[in-house]
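Protein chains in written order, with our numbering: chain A, 2 to 159; chain B, 7 to 508.
Honestly, the hints are just simulated from the structure, not real lab data.
Pulled a few chain B residues facing chain A out of the computed Cβ check, cut under 10 Å:
| # | residue |
| --- | --- |
| 1 | Y275 |
| 2 | I294 |
| 3 | M387 |
Derived DEER-like restraints, expressed as beta-carbon distance ranges:
| # | chain 1 | residue 1 | chain 2 | residue 2 | range |
| --- | --- | --- | --- | --- | --- |
| 4 | A | L156 | B | Q186 | 52 to 60 Å |
| 5 | A | I30 | B | P479 | 25 to 33 Å |
| 6 | A | R39 | B | Y73 | 26 to 34 Å |
| 7 | A | L130 | B | L270 | 43 to 51 Å |
| 8 | B | L270 | A | R39 | 23 to 31 Å |
| 9 | B | A277 | A | A25 | 12 to 20 Å |
In this text, all values refer to a predicted model and were calculated from it rather than measured experimentally.
Here a beta-carbon is modelled for each residue, glycine too, at the ideal position from N, C-alpha and C.
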Amino acid sequence: MTQPRQALRISIIYSIPLLLWFCAQLQFIDWNGLSLSRFFNQTLSALVLLQVFSLTLLFTGQTQERMRDDLFAIGFVMLFPLPFLAIIWLSGSASYSALFIAVVIVGSAGGIAFLLQFCGRLIAPRSHLIQIGVSTTHILLAVVIWNFRDLWQGLLEK
Amino acid sequence: MPMVRLSWLILLLCLFLPAAGNSAIDMEITAGLGGQAVAGRATEIKVRLFASSSTSAELQVRDANGYLTVPVTLAGQTVKHLWLPVTPEALSPLQVRLLLGSGEVIEKELIFEHGDTLLSLISRSVPVGHAHASHPQTTDVRPVIVPAESLPHSLQAYAGVHAIVTDVESLSSLTIEQSQAFANYLGGCNILLLANASAAVLKRVRSLSGCAGRYIQSYQTLAQVSNLLRELDARLPPKPPSAQNMLALHLPAFQDSMVTSLGLYLAGYIALMALLAWQMQKTNYLLIVPVIAAGAGILAWTGGGSTHLISWAETQSNDSHLRVSSLLLLGGDRRGENSLVHDAAVSISPVNGLFSGKSGHYRSRHLEQRSRRELSVHTAMLAPAAYQLTSVGRGTPAFTLQLEQGAPELVYHAESATNQARLLWQGYTYRVPPLAKDESWHPHETERQLAQSAEEKLLQRHLEFESPALLLPFGPEPRGVAAADIQGQGWLVIRHNPAETP
Numbered sequence: 002m003t004q005p006r007q008a009l010r011i012s013i014i015y016s017i018p019l020l021l022w023f024c025a026q027l028q029f030i031d032w033n034g035l036s037l038s039r040f041f042n043q044t045l046s047a048l049v050l051l052q053v054f055s056l057t058l059l060f061t062g063q064t065q066e067r068m069r070d071d072l073f074a075i076g077f078v079m080l081f082p083l084p085f086l087a088i089i090w091l092s093g094s095a096s097y098s099a100l101f102i103a104v105v106i107v108g109s110a111g112g113i114a115f116l117l118q119f120c121g122r123l124i125a126p127r128s129h130l131i132q133i134g135v136s137t138t139h140i141l142l143a144v145v146i147w148n149f150r151d152l153w154q155g156l157l158e159k
Numbered sequence: 007m008p009m010v011r012l013s014w015l016i017l018l019l020c021l022f023l024p025a026a027g028n029s030a031i032d033m034e035i036t037a038g039l040g041g042q043a044v045a046g047r048a049t050e051i052k053v054r055l056f057a058s059s060s061t062s063a064e065l066q067v068r069d070a071n072g073y074l075t076v077p078v079t080l081a082g083q084t085v086k087h088l089w090l091p092v093t094p095e096a097l098s099p100l101q102v103r104l105l106l107g108s109g110e111v112i113e114k115e116l117i118f119e120h121g122d123t124l125l126s127l128i129s130r131s132v133p134v135g136h137a138h139a140s141h142p143q144t145t146d147v148r149p150v151i152v153p154a155e156s157l158p159h160s161l162q163a164y165a166g167v168h169a170i171v172t173d174v175e176s177l178s179s180l181t182i183e184q185s186q187a188f189a190n191y192l193g194g195c196n197i198l199l200l201a202n203a204s205a206a207v208l209k210r211v212r213s214l215s216g217c218a219g220r221y222i223q224s225y226q227t228l229a230q231v232s233n234l235l236r237e238l239d240a241r242l243p244p245k246p247p248s249a250q251n252m253l254a255l256h257l258p259a260f261q262d263s264m265v266t267s268l269g270l271y272l273a274g275y276i277a278l279m280a281l282l283a284w285q286m287q288k289t290n291y292l293l294i295v296p297v298i299a300a301g302a303g304i305l306a307w308t309g310g311g312s313t314h315l316i317s318w319a320e321t322q323s324n325d326s327h328l329r330v331s332s333l334l335l336l337g338g339d340r341r342g343e344n345s346l347v348h349d350a351a352v353s354i355s356p357v358n359g360l361f362s363g364k365s366g367h368y369r370s371r372h373l374e375q376r377s378r379r380e381l382s383v384h385t386a387m388l389a390p391a392a393y394q395l396t397s398v399g400r401g402t403p404a405f406t407l408q409l410e411q412g413a414p415e416l417v418y419h420a421e422s423a424t425n426q427a428r429l430l431w432q433g434y435t436y437r438v439p440p441l442a443k444d445e446s447w448h449p450h451e452t453e454r455q456l457a458q459s460a461e462e463k464l465l466q467r468h469l470e471f472e473s474p475a476l477l478l479p480f481g482p483e484p485r486g487v488a489a490a491d492i493q494g495q496g497w498l499v500i501r502h503n504p505a506e507t508p
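Chain A on its own, in the form it takes in the complex (with noise of 0.2 Å):
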């Protein structure tokens, strides 16, 4: 399979739980006050978290793809919640830069992500040890982003 298909999978699996996630939370929750506000923040960084897991996953133990197929692979990654941003755009919950913020954490997840593959490609492309030290440096950064939540969040809640 390759890495845009690939991509294309994993954005449409953990989708379906958002699909339904985000439903049964617009219809339980109250209306009133700042929880729709609250429950489209939370949509935003899960969304962001989503994205820099699928990223993760994508490029952990792949050094065989193309260049090209790497980019395309980002490029559905970051592309596939457009309707989710939109729906929360609409909402008005979230403002322009809290939108940005969103998107420049995936981006430079993405970039890192493309830029780790493209080294490990260009020092040694059949390298066990690369392909290990590549892996752990994708996993060390979906960890880094996790931890740092708190931090990133308060950015997209203002």
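With chain A fixed as given, assemble chain B onto it according to the hints.
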């Protein structure tokens, strides 16, 4: 010769143009109701304008509700007075700006004395009024002494008024605007104490009032005023439901429709992507699909949204006045600019905190014909702008509701039968069968049911156990707002009139 004429023309233009452009304008603003304001409720201001020559300008008022703009045309060497309803903010002064055609701006600020307690307006012409001001103030009412000319000029400005103490002479000196606002105040079953009013005057004023004029009394001495106010206050009819309660009547339907449409949109998109990914050999082209789907969603849910009016009218048996409280929801199903034209006489105030979302400022402006007003607001999806409207309607209900030996009796007076009325009594509801004209009906124990619908439950909460009330479907009110494109729902409550109990 032409050169001489041209020179004269230029000279004349030089003399007259600056004079036309520099019309000297003076603006003075005064706080109405003695400068007192009740937190979150409307009061009014008086704007005095004087221009040395004819000019037109725009008056902008910035208050807690947003911006109100009023086009003003001033004749030369004349004074113009405007009374405008405003809702001042507790912590910042009210800002009034006059924008002239020449670009000049005159800006004034006004500070109100805020409080949480309602106002009792006492006419300055009432001798006892001066004494009442020195009377110890109760914690729930503030006495304010005002001249008759300062009594409110619009129904909105009565929002913070609990009672009026005045005399017949003051009432006879009211302007047409003041009289209309005062009539609406009386129609809403509010308190009026008239000094030394004769029985004939009382009868006449009571005939114009809601709740059969039970809250209009005459008094002779100061000692009576405080006691009368307290007595009448205890007997006031139940307050209409709050905006939050009225929202609960509409929210489930709105919520269901939005959740369904958003769910279908997202599920359809995911299903389409899955199908295309499964069918297509080269998936790279699919990168465009999320962009198209997001664009379609934005297109579909951007623009002016729908308008809903949820009305709740209350009256008493044999009373021709309806106290109407409505909740107006602008937008919410889309993101964009919403606007609505309504009668300037409709008392309308924004309700904050019902929905989240970063809605824009409320803006309203008087249209060229001053009787209409345009309201516009930017709303986000799922976050409509909510407004509370209060008005007094006219119309004799089709039913009379009496208590016969402790049990309610309904008599139907209209020609065409209705089969949607429900009677609420002693914790149960009864379906009223279609009745012929002048036919009466009594509830039977076998027909009783528990309250099911949201409106029945709402009425049940505001109904004394022994007291019966009739609940009927009702057209959207006030009519000054209701238009063809407004989706409305409403209920009329006919309560038992305690004065009619044998």
